[in-house]
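The listed protein sequences derive, respectively, from chains X and P.
In this text, residue positions in the first sequence follow the working numbering: the first is 1188, and each later residue adds one.
In this text, residue positions in the second sequence follow the working numbering: the first is 15, and each later residue adds one.
Since the hints were derived computationally from the structure, they do not count as laboratory data.
Relax, there's no trap hidden among the hints.
List of simulated lysine-lysine pairs, DSS-like, C-alpha gap at most 30 angstroms:
hint	chain 1	residue 1	chain 2	residue 2
1	X	1323	X	1203
2	X	1227	P	248
3	X	1308	X	1323
4	X	1243	P	265
5	P	367	P	322
6	P	265	X	1213
7	P	322	X	1228
8	P	322	X	1227
9	P	248	X	1228
10	X	1243	P	184
11	X	1278	P	265
12	X	1228	P	243
13	X	1243	P	248
To spell it out: a stretch of chain P is covered by chain X in this simulated footprint if at least three of its residues, at any positions, have a beta carbon under 8 angstroms from a beta carbon of chain X; those stretches are:
hint	segment
14	203 to 215
15	251 to 265
16	271 to 281
17	308 to 318
18	431 to 444
Every residue, glycine too, gets a C-beta built ideally from N, C-alpha and C.
Residue strings, one per chain:
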Amino acid sequence: MNRIISKENFSDRVVKFEIEAPLIAKSRRAGHFVMVRVGKKGERVPYTIASSDPVKGTITLVIQRVGKSSEKVCQLEAGDYITDLVGPLGKATHIENFGTVLCAGGGVGVAPMLPIIEAMKNAGNKVITVLAARSKDLVILEDEVSKFSDEVIIMTDDGSYGQKGLITAGVEQVIQREQVDLCVTIGPAIMMKFVSELTKKYNVPTVASLNTIMVDGTGMCGACRVTVGGQTRFVCVDGPEFDAHQVDFDEMLMRLRAYN
Amino acid sequence: MPTQEYLQAERAQLWREELRKTIKNKERTDLIRVKMPEVDAKIRSRTYDEVNLGLTMEQAQAEAQRCLDCVNPTCITGCPVEINIPKFIKNIERGEILEAAKALKETSALPAVCGRVCPQERQCESQCFYTLKLKKEPVAIGHLERFAADFERESGNISIPEIASANGMKIAVVGSGPAGLAFAGDMIKLGYDVTVYEALHELGGVLRYGIPEFRLPNDIVDVEIDVLKQMGVKFITNCIIGKTISQEDLKAEGYQGIFIGSGAGLPNFMNIPGENLIGVMSCNEYLTRVNLMQAADPESDTPVQMGKRVAVIGGGNTAMDAVRTARRLGAEKAMIVYRRSEEEMPARVEEVKHAKEEGIDFLTLHNPIRYEGDERGRVQRMLLQRMKLGEPDSSGRRKPVVIEGDTVWIDVDEVIVSVGVSPNPLIPSTFTGLEITSWGTVVVNADTMQTADETIFAGGDIVRGGATVILAMGDGRKAAKAMHESMKGE
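Just chain X, same shape as in the assembly (with noise of 0.2 angstroms):
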């Protein structure tokens, strides 16, 4: 059981939680990810780490309702308990100085890049962040990400904020205006497709970090398996992240709509 010590909405549809959970806060790195599970009758669901404070021994993860499981972890307040939580997951994202680094997250998707970003600044990357949401009120996780960012492009649907346009716009502006090394994308399936499109025409090596169904979250499922390269990998164990220009998204897409 790990206590929820603090609970901020960002906004009607995306919360983020700082929760006791000293031994994930001391071993997680960028990019790993944790299974959750609410009450006895609950399902695991797996949230990617967006922060962690080893020393006061807290985990911070940033999620949206979408559904049933994650409607029940958003209407846990702080003092709550999380039934189970266990972690960290997956294979954590690979840093080193590439040069350029382009970070594209779109939506809660944000969340989850923050350590990304910061682990690239600290291994001496050029950072620059494109955000992406559907509006203002959607976009997240701002002051954090300029923090560590050499620059921040905002892009909201609606033109809200920032310039209106889609993330791949952002991203776009970027490549055709300087030389960049690794882009790294994470949010919704549909949007890292699109962004891995772009940057593949571009010939810009690109990293995506996938948001599959799991039961188990250890690999003993596969129910996260995506084709990568043309050879089945399980999300859980083989990534999250993985080279997005190998990735079939169409059938990532088609298996994520199993149980709707």
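Since the structure of chain X is already known, use the hints to place chain P on it.
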């Protein structure tokens, strides 16, 4: 092997000598082997209740009379955990069932589990005097084991084995499946301070997520684990060694020995077209949803597809578990697709028999080569290649050979792939000092289960790559004995 002196001393006890004289051997061998009472196939294929009902006291005692209490009990050589079989059976014969249960617990941490899921026909019962010499049906050792364990549990008088005084040495166990539980049970008896770490939110490993309740009810697993807790074993769930806590952390916390029983969690797929369609899944996924996550319960948040036409690919015990589960979840047609013939099937005879009684179709000598789905990506049909048997292969079984051009399409709405598992890579990829095979299994000394790091021992599927509950338990016991020897020596 337990020492001959010990076995003979036990056998020479007065009560056993007298019991042997009460019935002539000729009369004992004329008795007919008991039949396990079962729920009717029509009823049980619609419920999740346990199939085997267990023996009555009369049946158990009559069956116990068949045992000749041999001078040289060969049956014990067939038991990976070396249960003193005649001792527990003769206790049943004389009506001391709680004593019988104690005899089981001398060497087995999970008697109620083993009485249900061990392939006794290939182990103790295959080495029974009746099988070897009389060419008759063996004493129903497995049924009797279950009887004694169930009787004890239901009596409320559960005995807790004796524990040696604490020696202060801390031991960590990775994984709470059969290997880890057997190891923990032996080490706690020897006085060690034992902590078992489990990655999932429930204890038991494959006993929990894999084996369905109609074969092994979860309550039974709970009770056996509870005995270990009462003996002093500590359990920590939601903790992944190598991830949550590292090997170095364990050492820093003062653990002097580690036993790895992390299992073979990674499901194999066949890499054929259409295998990632919706509705095609691993047996692990299917069984984990149903068993661990209780997905068939309408209250559960975890969904599971309940197909009407379900194909399970494979011929092992897990395949039988999956296909019989599918039947219980409402499949009108549930079928096993297996590339060899029934004779080569690795599943237990009892599982195949139960499956057939429950209306499962067996498509043997068929192998899937492609799946096709509808416009939403849901599996609709499978293309099967017909096979024939050729020469024996390295496993000694006749090899399946393709019959060129002979294929058949079959409509399905769910496919469960049960073609084996590979070792979970979490341990091999996060531990240092171990020797790992190209298959991903951990290399150990076969006599001691010791790895290349002398403080780390391993057993079960992480070493074997996919075997049985009882072999895993045998490994756990062997490792406990060897670790104890090695730590005593220091």
